[in-house]
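Peer 1: As given, the protein sequences belong to chains H and V, one line each in that order. Residues in the first sequence are numbered consecutively from 3, following the working numbering. Residues in the second sequence are numbered consecutively from 3, following the working numbering.
Derived from the structure by calculation, the hints contain no laboratory data. Some clues are possibly wrong.
One copy or two, either will do: identical chains are not told apart, so a pair holds if it fits within one copy or between any two.
Claimed, not checked - Pairs of lysine-lysine, DSS-like flavour, derived with a Cα cap of 30 Å:
| hint | residue 1 | residue 2 |
| --- | --- | --- |
| 1 | Lys4 | Lys97 |
| 2 | Lys65 | Lys10 |
| 3 | Lys148 | Lys79 |
| 4 | Lys79 | Lys50 |
| 5 | Lys231 | Lys50 |
| 6 | Lys97 | Lys231 |
| 7 | Lys231 | Lys65 |
| 8 | Lys10 | Lys79 |
| 9 | Lys231 | Lys23 |
There are 2 protein chains.
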Amino acid sequence: MKHIASAKNEIVKQWKKLLTKKGRLQTNRFLIEGEHLIEEAVRAGIVKELIVRESYQVPGSWKRNADVFTIDDAVIKVLAETETSQGIFAVCEMKQASAQLERGRYLLLDRLQDPGNVGTMIRTADAAGFDGVVVGPGTVDVYNGKVIRATQGSLFHLPVISMPLEEAVNALHEQGIAVIGTALEGATSYQTIAPMDALGLIIGNEAQGVAPELLSYCDERAYIPIRGKAESLNAAVAAGILLYHFASVD
Amino acid sequence: MKHIASAKNEIVKQWKKLLTKKGRLQTNRFLIEGEHLIEEAVRAGIVKELIVRESYQVPGSWKRNADVFTIDDAVIKVLAETETSQGIFAVCEMKQASAQLERGRYLLLDRLQDPGNVGTMIRTADAAGFDGVVVGPGTVDVYNGKVIRATQGSLFHLPVISMPLEEAVNALHEQGIAVIGTALEGATSYQTIAPMDALGLIIGNEAQGVAPELLSYCDERAYIPIRGKAESLNAAVAAGILLYHFASVD
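All chains should be modelled from the sequences, with the hints used to inform the complete structure.
Peer 2: Below you can see the structure in the form of structure tokens.
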């Protein structure tokens, strides 16, 4: 156990770097905050360092493979990304999920920008029983603090695979698995497409949708009918409706 | 057209009151912000005053029934609830929806606390073709700025009725319309309940769910199965899945 009082300490500078995408990529580590998320990360076996306010009693099960640091308020201020921080953090190791797509249901994210949307989609994919999430280039970094908080821990449950979406579509097609792209034009209502025990479902950028070239590789195009006077659905809500529809065979 | 330069002007003080629930209730008016929402409010015929920065060209169609005020940055600062304000506001009149529940589909909100959730639920109910939203006591004020922004204008499309939920359930029952409550215990999967052309769907408080007494009046209890390791769904996502499921007969 080591105590760190100053925000200028060299170790704190290393932790601070984990608040940026660049720093996370360089070290293959990321920082999480709050008891609930740390509990989930401990279960996933990825916690390397625990960083807590002095008064905090670290549960024994948390310490097994992790170094423990206590910190002063000055350090909490520097690391906290939430307004009401509990002053409890952990440095975790990224576990690269196998890039092999087994037979199953996958959510594919094409250039999604909003961290809250992406995190909520990962959480919903987990709840719906999907087997993994494929994150294409141009989608917000899933190790961004806002994404992780919105996943509510599902980032640690579900394989999250970074790869070009064309590759993922190819890998699914080689196994005879259909890929469904969401689109407004040339699309059919999702309700007319039956649930499937294996599929790829592509959700596109909040404003532009799925990229046209990627859409051209899809076996079907699905849209969600809007019946009232609303112009559109919230992106995370739309994803939830589709995830639960296509997974509802069990 | 009147110009107001000082945030201390008496008219500005009246506008500021509309940022509080008390001020809104006293005047039966509320304040909205941003071009898109004002466009929708103009179409709904509820705009009484337009408040814009001096450089802004007010569309002719907006002015028909509204007084126009131009304001300086100091006033914008006082009224703006968003970080990147366009400096365009409108004072609107609350239109009390008829408390008569016609035959149709209604979303009932029981003590929902998060403004973003409530706004997104109203938006999704509109998109799914529901006929109205009944807001019970204890749910966040739907004229709260965050709620209105999350509805993306659906607050002006859809009847939003404030009444005790027991009354709403009675009114639906008198017409032979089933009411479905969401619950985790003693509930069946929503997928086993068929879509309906008329129903009441009750969504409960984010942490506590639907109040037990209210639940006891329901004809069915529905839950959304969680298949992966996620503990729960985001409340707005859960509502979206149910709204689209029960409305999918058309």
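Peer 1: So, for every hint listed, does it hold in this structure?
Peer 2: Outcome of the hint check:
{"no.": "1", "hint": "Lys4 with Lys97", "result": "within (26 Å within a copy, 61 Å between copies)"}
{"no.": "2", "hint": "Lys65 with Lys10", "result": "within (25 Å within a copy, 57 Å between copies)"}
{"no.": "3", "hint": "Lys148 with Lys79", "result": "both (17 Å within a copy, 27 Å between copies)"}
{"no.": "4", "hint": "Lys79 with Lys50", "result": "within (21 Å within a copy, 45 Å between copies)"}
{"no.": "5", "hint": "Lys231 with Lys50", "result": "between (50 Å within a copy, 22 Å between copies)"}
{"no.": "6", "hint": "Lys97 with Lys231", "result": "between (44 Å within a copy, 18 Å between copies)"}
{"no.": "7", "hint": "Lys231 with Lys65", "result": "between (54 Å within a copy, 23 Å between copies)"}
{"no.": "8", "hint": "Lys10 with Lys79", "result": "within (12 Å within a copy, 35 Å between copies)"}
{"no.": "9", "hint": "Lys231 with Lys23", "result": "between (39 Å within a copy, 27 Å between copies)"}
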